[in-house]
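**Q** Letter by letter, the chains look like this.
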Amino acid sequence: MIRPFLLAALAALSLLAALPAAAQNLRIGLREDPDILDPTLARTFVGRIVFASLCDKLFDINERLEIIPQLATGHRWEDPRTLVIALRDGVRFHDGDTMDAEAVKYSLERHLNMQGSFRRSEITVLQAVEVVDRLTVRLRLSAPSAAFLSQLTDRAGMIVSPRAAEAAGRNFGQRPVCAGPFRFAERVAQDRIVVERFPEYWDAARIHVNRVTFLPIPDSTVRLANLQSGALEIVQSIDPDDVPAVRRNARLRLAIGDELGYQSITINIGNGPRAQTPLGQDARVRAAFELAIDRDALNRVVYEGMYLPTAQPVPPGNPYHNAAFRPEPRNLERARALLREAGVATPIRVEMTVPNNPDLRQVGEVIQAMVREAGFDLRLTAMEFASSLQAAVRGDFETYLLAWSGRVDPDGNAWAFMHSRGGQNDGRYANPEVDRLLDEARSELDGERRKDLYGRIWELAIRQDRSRIYLWHRKNIVAHTARLQGFVPVADGLIRPQGLRLQ
Amino acid sequence: MSGFLLRRLGQVVPTLLIVSLLVFGLQQLMPGDPALILAGEERGDPQVLAEIRAGLLLDRPVWEQYGRWLWRLLHGDFGFSWRIQLPVADLILEKLPVTAQLAAMSFAIGVALGVPCGVLSAVWRDRPADWAINAVALFGISTPNFWLGILMILLFSVQLGWLPPSGYVPLWEDPWQSLATTIMPAFVLGTGVASVLMRHTRAAMLTALSQDYVRTARAKGVPERVVIAKHALRNALIPVVTLGTIEFGRLLAGAVLTEQIFTIPGFGKLVVDAVFNRDYPVVQGVVLATALIFVLLSLLADVLYMLINPRLRAGA
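Going down the list, the protein sequences come from chains Y and F. Residue numbering for the first sequence follows our numbering, beginning at 5 and increasing consecutively. Residue numbering for the second sequence follows our numbering, beginning at 73 and increasing consecutively.
Simulated from the structure, these hints should not be mistaken for laboratory data. Model, not experiment: these values are computed from the prediction. Each hint should be verified, as a subset may be incorrect.
[Claimed, not checked] Going by beta-carbon spacing under 8 Å, a handful of chain Y positions derived as facing chain F:
no.: 1; residue: D39
no.: 2; residue: I40
no.: 3; residue: S121
no.: 4; residue: R124
no.: 5; residue: Q178
no.: 6; residue: L219
no.: 7; residue: P222
no.: 8; residue: S224
no.: 9; residue: L393
no.: 10; residue: G426
[Unchecked claim] Where chain F lies over chain Y, by a calculated footprint (3+ residues, C-beta under 8 Å):
no.: 11; segment: 377-390
no.: 12; segment: 397-411
[Claimed, not checked] One side only, chain F facing chain Y, incomplete, derived with CB under 8 Å:
no.: 13; residue: Q157
no.: 14; residue: A161
no.: 15; residue: G239
no.: 16; residue: K341
no.: 17; residue: L342
C-beta atoms are modelled at their ideal positions from N, C-alpha and C, and glycine is treated no differently.
So that you can see chain Y by itself, here it is in the shape it has in the complex (with noise of 0.2 Å):
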């Protein structure tokens, strides 16, 4: 009785499986469910990866970080502090407008007034947009900056259409209209997003999937199942653990690229009571530290090797980049030495707040174990996200082990973080010619001398005061089955939809 009843109901569920999905359907498995879908407020890293198939942008980069044109044809520097873009003639939005030199400025002009904008900081030098004809915009910027063209190549260079944007106020990000290769469908918050292909799309012949569907898939292990099942064609990022399963699967590829940004330790320097410690008042002491820590065994451990160790905030494949500026190898005697010249009474407490992860709990446990050998006694405090991020803006904290996504320019992943007004400078680190060398930096308009100035900010902040600890620079790994093919890994860790193909 029981068992042809069972076996039924084996049989049933496995015809139900084997639904094929619809053959141009490309479903991506996201980290996490995107905020709002509006370019100008939106602000998380998924949200990204899903505007790279709604929203061209101005420009965009390419896998050798290169700026290149999308809905511009290309840019003239008038003057530094000039800029003029030619616009693609013939585009599109998703409702049938044609983009032209209104509809940037007003896109611009949105980012930067907006209540509430994200993206006002990152173009706040941005002072006026002249239309100069139908397909040329005159930027006006009110002092010259190096960085401004590559904020371009992100959300603030996403030109919405200007009749919807106006008509949904607000509420644009439910609904979002602008000239990317697909158009949004629909979305049911934390379960998907979908985006149909955009037959008008500018670029329509580098298009050759139907329908983009974004899944919110925070575990990792059932993300990948979902790969590994056929429910997905490709994921967003996998853990390093997760790898070698990948590796072994005929049925799956890995596509491992660098990212932009860095994992480090901020050390509360300046901010508040917490930084009155002899970690944070002798750059001898943080120096120790840092010399007690092997960045190597580290991510042997916990990485399974796959990071990449760094002294600095910028990647090796950022032309700013500074091959010369390596981690120093671990060197307890110089690690010790040090300690006895600053004269402070071993073990030396001191306390580290970690996001409440699994991964950097472990690194975290590793840091602990290695810097006891100098003197150190590390006290962990786990703590979930939101909690560590005030308790670091309020120096709530002695050290804090926190990631940068990173951003295209050097600036972006220096200036917010040493400058001593910098937004993100949690330890209040200062030093008035790290200051004036970061905003000269941030204006120098030639590659070689601009490389240069972040040589010696590199040198002041990080191994003269030692003001962070960097530790490395993560890879974006993306694992997809090996039926889709033209997936092109960019360190921004981005998918973009142009010349996805699944066979």
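Since chain Y is already given, all that's left is putting chain F on it; use the hints.
**A** Positioned in the frame of chain Y, the structure of chain F alone reads:
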């Protein structure tokens, strides 16, 4: 009966008011600045943070925030999610059917397994079958849902390829696919419920079977099947019904871990993500809706008592 119902319904409003005060108060104690977490990596611009705080009324005193929220609520407006700017009422209405379906399926599995097993293990007390059922139930109570869930995904989705590993399809869109996406989480949750129900049914049945009226019924020569089903089980069911409605309420409040593992976009996932993102209007809305569900369910339990036990009807 109607007087009783009215009295009970009258208690709903003050209960919800107290719950809303509690939620609001607890949120104040929660560390983490909502504006800061909302800004995330873009937190470097103080002007933006100030604008966010002003826009969300976070710069106003707590009582004013509460008053405005309550006032809008009385007009049927649950407010907007801070993170994705969608109306909270829409989110709740969107997630409720998902969780309700999952809860109904889990509960059905739980009752179908739990109650008969409880009765049988009481009837077969201290025999190998009783021990076996107890052992399985103990296993069911102690197994963490997320672990069982992951194992099921690895077996049925990755190895065998029979079921989709996660996600959800609404019942009205595609009933088969909907069943396929919910059967694993429903089983994971259902076994937990079954274990609890089994243990309680067994205990209640043992008590009932040792009562005088059971002995009398047996002495009168009533067949054992009728004694168990009619005399013992019906009396034993009263505590089980109470427990069952509580369990069902728990399921409706959202199965946090199970929904996370199977990526079911239900109540549990909604509220957990909202807490981590400090999306207060969503937390408030969901907790209030959950409280309402619990209050109504306990009312339902009282009504069910009366249907099962005629003696209670006289009191009302």
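**Q** Now look at each hint and say whether the structure bears it out.
**A** Okay, the hints, checked on the actual structure:
The beta carbon of D39(Y) comes within 5 Å of a beta carbon in chain F, closer than 8 Å, and the hint placing it at the interface holds. At about 5 Å, the closest approach between the beta carbon of I40(Y) and any beta carbon in chain F falls short of 8 Å, and the interface hint on this residue holds. For the restraint placing S121(Y) at the interface with chain F, the shortest Cβ-Cβ distance is roughly 7 Å, inside the 8 Å limit, so the hint holds. Checking R124(Y) against chain F by beta carbon gives a least distance of about 7 Å; that is within 8 Å, so the hint holds.
Residue-level restraint check for Q178(Y) holds (minimum Cβ-Cβ distance to chain F is 7 Å; threshold 8 Å). Below 8 Å, beta-carbon pairs count as interface contacts, and L219(Y) has one with chain F at about 6 Å; its hint therefore holds. Against a cut-off of 8 Å between C-beta atoms, the interface hint on P222(Y) holds, since the closest Cβ of chain F lies about 6 Å away. Interface hint status for S224(Y): violated, as the beta-carbon distance to the closest one in chain F is roughly 11 Å, over 8 Å.
Because the beta carbon of L393(Y) sits about 5 Å from the nearest beta carbon in chain F, less than 8 Å, this interface hint is met. Because the beta carbon of G426(Y) sits about 7 Å from the nearest beta carbon in chain F, less than 8 Å, this interface hint is met. Coverage of a stretch by a chain is defined here by at least three residues with a beta carbon nearer than 8 Å to that chain's beta carbons; for the segment 377-390 of chain Y and chain F the count is 3, and the condition holds. With 3 residues having a Cβ less than 8 Å from any Cβ of chain F, the segment 397-411 of chain Y passes the three-residue criterion, so the hint holds.
With a cut of 8 Å, the hint placing Q157(F) at the interface with chain Y holds, because the nearest CB-to-CB distance is about 5 Å. Interface restraint check: A161(F) against chain Y, minimum CB-CB distance 13 Å, threshold 8 Å, status violated. Given hint, G239(F) at the interface with chain Y, holds; its Cβ is 6 Å from that chain's nearest Cβ, closer than 8 Å. The beta carbon of K341(F) comes within 6 Å of a beta carbon in chain Y, closer than 8 Å, and the hint placing it at the interface holds.
About 7 Å separates the beta-carbon of L342(F) from the nearest beta-carbon of chain Y, less than 8 Å, and the hint is met.
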